[in-house]
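Once you've looked at the hints, dock chain B against the given chain A.
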Amino acid sequence: MLTLDQIPTEKYVKIKNVEGGTWVKQRLQNLGIHVGESIFVKRSAILGGPILVTINNSDVAIGRGMARKIAVSEPEHEPKYK
Amino acid sequence: MEWHAKLPFQNQSMSPNINSRKNKSSLSDDAQHPQIVLVGQPNCGKSTIFNRVAGYHSVATNFPGATVEFTRSHVKINGQTCDLVDLPGTYSLQSLDLAEEEAKKFLLTQKIDVIINVIDASILGRSLDLTTELLELELPMVVCLNMMDEATRKGVLIASSKLAELLDLPVIETIGSKGHGIDELFRQAFQVIRLNRQSHHRKMSRHVEKVVQELADYLPDCEKTGRRKNCRLTAIKLIENDPYFQKRFLPDDELKNKVRKCRKKLETAHGLPADEVIAAERHSLALGLFERVAKIGRPRKSWKDWADDVLMHPIFGYVFMALFLYTFFNVIFKFGALIENPILNFFNMQLDQVSHYFPKNSFLFTLINGLFQGFAGGIAIVFPYLVPFLLGLAFMEDFGYLPRIAFLMDRFMHKIGLHGPSIVPMILGYGCSVPAVLSTRILSSPRDRFIASVVSVLIPCSARMTIIMGLVGYFIGGTAALGIYLLNLIVIGIVGTILSRMMSEDIPGMILEMPSYQWPSLRVVIAKTWLRLKDFIVIAWPLLIAGSIILSVAEWYHIDALINRAFSPLTSLLGLPAAVGTTLIFGILRKELSMLMLFQALGTTDVSTVLSSGQILVFTLFVVFYIPCLATLGILLKEIGWRKTLFASGLTIFIAIFISLLGRGFAYLVF
Chain A
1 MLTLDQIPTE KYVKIKNVEG GTWVKQRLQN LGIHVGESIF VKRSAILGGP ILVTINNSDV
61 AIGRGMARKI AVSEPEHEPK YK
Chain B
1 MEWHAKLPFQ NQSMSPNINS RKNKSSLSDD AQHPQIVLVG QPNCGKSTIF NRVAGYHSVA
61 TNFPGATVEF TRSHVKINGQ TCDLVDLPGT YSLQSLDLAE EEAKKFLLTQ KIDVIINVID
121 ASILGRSLDL TTELLELELP MVVCLNMMDE ATRKGVLIAS SKLAELLDLP VIETIGSKGH
181 GIDELFRQAF QVIRLNRQSH HRKMSRHVEK VVQELADYLP DCEKTGRRKN CRLTAIKLIE
241 NDPYFQKRFL PDDELKNKVR KCRKKLETAH GLPADEVIAA ERHSLALGLF ERVAKIGRPR
301 KSWKDWADDV LMHPIFGYVF MALFLYTFFN VIFKFGALIE NPILNFFNMQ LDQVSHYFPK
361 NSFLFTLING LFQGFAGGIA IVFPYLVPFL LGLAFMEDFG YLPRIAFLMD RFMHKIGLHG
421 PSIVPMILGY GCSVPAVLST RILSSPRDRF IASVVSVLIP CSARMTIIMG LVGYFIGGTA
481 ALGIYLLNLI VIGIVGTILS RMMSEDIPGM ILEMPSYQWP SLRVVIAKTW LRLKDFIVIA
541 WPLLIAGSII LSVAEWYHID ALINRAFSPL TSLLGLPAAV GTTLIFGILR KELSMLMLFQ
601 ALGTTDVSTV LSSGQILVFT LFVVFYIPCL ATLGILLKEI GWRKTLFASG LTIFIAIFIS
661 LLGRGFAYLV F
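Protein chains in written order, with my numbering: chain A, 1 to 82; chain B, 1 to 671.
The set of hints was computed from the structure by calculation and includes no laboratory data.
Glycine included, each C-beta is placed from N, C-alpha and C at the ideal position.
There could be a bad hint or two in this list.
Stated by the list, open to error - Pairs of lysine-lysine, PhoX-like flavour, derived with a Cα cap of 25 Å:
| hint | chain 1 | residue 1 | chain 2 | residue 2 |
| --- | --- | --- | --- | --- |
| 1 | A | Lys25 | B | Lys301 |
| 2 | B | Lys210 | B | Lys295 |
| 3 | A | Lys25 | B | Lys247 |
| 4 | B | Lys265 | A | Lys25 |
| 5 | B | Lys178 | B | Lys203 |
| 6 | B | Lys261 | B | Lys247 |
| 7 | B | Lys162 | B | Lys104 |
| 8 | B | Lys210 | B | Lys76 |
| 9 | A | Lys25 | B | Lys304 |
| 10 | B | Lys295 | A | Lys11 |
| 11 | A | Lys69 | A | Lys42 |
| 12 | B | Lys247 | B | Lys264 |
| 13 | A | Lys69 | B | Lys415 |
| 14 | B | Lys295 | A | Lys14 |
| 15 | A | Lys11 | A | Lys25 |
| 16 | B | Lys203 | B | Lys304 |
| 17 | B | Lys304 | A | Lys11 |
| 18 | B | Lys76 | A | Lys25 |
| 19 | A | Lys14 | A | Lys25 |
| 20 | B | Lys295 | B | Lys203 |
| 21 | B | Lys162 | A | Lys11 |
| 22 | A | Lys69 | A | Lys11 |
| 23 | A | Lys42 | A | Lys11 |
| 24 | A | Lys42 | B | Lys210 |
| 25 | B | Lys105 | B | Lys247 |
| 26 | A | Lys25 | B | Lys104 |
| 27 | A | Lys25 | B | Lys261 |
| 28 | A | Lys42 | B | Lys261 |
| 29 | B | Lys105 | B | Lys256 |
| 30 | B | Lys210 | B | Lys162 |
| 31 | B | Lys203 | B | Lys104 |
| 32 | A | Lys42 | B | Lys203 |
Claimed, not checked - Covered stretches of chain A, as calculated for chain B (at least 3 residues, CB under 8 Å):
| hint | segment |
| --- | --- |
| 33 | 9–18 |
| 34 | 31–38 |
Just chain A, with the same shape it has in the complex (with noise of 0.2 Å):
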């Protein structure tokens, strides 16, 4: 399964599934993180630091432990649209 961790910059992903609790499932949604959706991985920081992902505008960072709950598809060079 891959996971959102993995992938690397610049590459549009779609959310598969998120595992965790209602906090971590709850914040991400907050923010615009919904099953479904179509993300960009932005940028990654050095040394298995956080992941920064744009979506709808705006840019989220992701710690990578909580990205390694983050499944999603394969990564494409442009977005798909649903």
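Just chain B, lined up with the frame of chain A:
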């Protein structure tokens, strides 16, 4: 849309403002003015609007969730008076952190005449989730599409009249930072109050709505939520397992059963946990609205796009951060040192004047002396060091650099068991521990708040900096002073690691919004500096003055000899003269006083004639690490409770003794 260059109400609004940060219970007391409440997601520009109207009272911050306590101001707008409340930014009404909890509690229990739902128009899609949720409250509401300039830049085109029609609410476009549209916004808000125009919830899909209604019909009495009777809201919240509502309704076993049945119905029909069904419904309502009112065009490139390429670069980002912080602290130290002495000299001259009227060995003079020293000590920290520090920090925050530092530092904060955002209290700690501990409220988990509090009080504040510079820096050398700072960071690393191992992690990582960069408005930067400064002036300064008076009185009664004897085991353990015993104990009252007291206790300002370099080092190390000052203890008590405060104090004493002994050994080998 009509833009107003200058707001007609700006001048009057400055006068009698009431800040309700402390006096929350009295909120519902004065019912004569309508209460207008600003609600919105973090970074939507809510506090900027508030500050524009209300003057220097609220804090706007480009760091998610920084306004934790809400601020209220009594303002006059277009000739009409109202109480304007700035609630902490909240992504939803689920209360995932302290700020959100505060916002929700307010919305459910306080008298509200109209809600102004402030939205960052450039991220309308996400923001409408909260709007949909707010509509469930069925309170009078106005929608404010703020940051329209940013939306245009990002290529988001919004048909606000269409949105108004769909929501059946007034929708006003504004640019808060420039004051555009704010006049109209409040005109509409007053209009809604006058017409007593209620808002209406958006209907979810048929099956969900049916289950919600079924539970709502079953509810005996919905007023336990506050004064509002809204059974539909209660039903939804119960299905969502909202702890706030559960506490009020679910001691009732029969109802508990009913709620369980309703949840089950949703779960079998939709194949998701019931709370996720509701969240998905809300999101699809918001999405539906967004698709009907907004068009995404081509974004315009600006400096904001490439700024991150440098500031968040895997290598240059760190280089820039190091250079920036080094320069920042250097400038503040140089600037502070420049004006600290003239200030102290001025007060000493005044004290000399006073001594003409009272004999120097009288009790009264002792009291006045203590008062003066405490007063002057406060000013000598506040103006030279704390004001520039807080101004700089507020600028960094509003510009949006602080979340970037959190991003860069996340990996390193993990090493000590914390996450990126915990860097904020640590940076603040170099200014003053009081606002540092208060800023831990931006953290979501109680565990992180506790660890960050302990760690941030270990950081040498500006008062302790004067000791490091004045003793070690002056008598031993700049490298040694820098060494203390490095040692301090190592100790913090170890303490953080141990504490975080002891307490299990409750939140698995950082989820932090990176707001767009913005040029801070001077008004907001000053407002924020003032609010933090007030924490120092109101809490720390009085304690500082009281401590100073107690100290003088103790001296007058020669209690110091007694204390020195009591502390002789410690002082001899550390290899210090017995005379410094009082200095150590009274350092709790005022840290920076330790140095002055040392001069006093030893009877000279040239400490090197009495103490060896090693002893100076040991003394400084002990003072830097042991128990935070009285003011910080007060704040810790309020924020983390007495048990943890006691623990933190004991821990710091232990660390101080341990490090000082190491210092003694080091000095024995080197000097």
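Pairwise hint evaluation, B:Lys261 against A:Lys42, where the allowed Cα distance is 25 Å at most | 44 Å, violated
Keeping to a limit of 25 Å between CA atoms, is the pair of B:Lys203 and B:Lys104 held or broken?
-> With Cα atoms ~22 Å apart, B:Lys203 and B:Lys104 stay inside 25 Å; holds.
Holds or violated: B:Lys295 to B:Lys203, with C-alpha atoms at most 25 Å apart = 24 Å, holds
25 Å Cα cutoff - pair B:Lys210, B:Lys295 = Cα-Cα ~33 Å, so violated.
Taking only the CA atoms, is the gap from B:Lys247 to B:Lys264 under or equal to 25 Å?
-> 20 Å, holds
Starting from B:Lys162, check that the Cα of B:Lys104 is at most 25 Å away, please.
-> 29 Å, violated
Measure nothing beyond the straight line between the CA atoms of B:Lys178 and B:Lys203; if it is 25 Å or shorter, mark the hint as holding.
-> Status violated; Cα separation ~36 Å.
Between A:Lys25 and B:Lys261, does the CA-CA distance stay at or below 25 Å?
-> Holds, because 24 Å separates the two Cα atoms, which is no more than 25 Å.
Under the criterion that the straight-line Cα-Cα distance not exceed 25 Å, is the pair A:Lys69, A:Lys11 satisfied?
-> 18 Å, holds
Restraint status (C-alpha distance of B:Lys203 to B:Lys304 at most 25 Å) = 39 Å, violated
Has the given pair, A:Lys11 with A:Lys25, been kept, meaning a C-alpha gap of at most 25 Å?
-> 23 Å, holds
25 Å Cα cutoff - pair B:Lys210, B:Lys162 = Between B:Lys210 and B:Lys162 the Cα gap is close to 28 Å, so the pair fails against 25 Å, i.e. violated.
When held up to the earlier numbered hints, the structure conflicts with 1, 2, 5, 7, 8, 9, 16, 18, 21, 24, 28, 30, 32 and 33 and fits the remainder.
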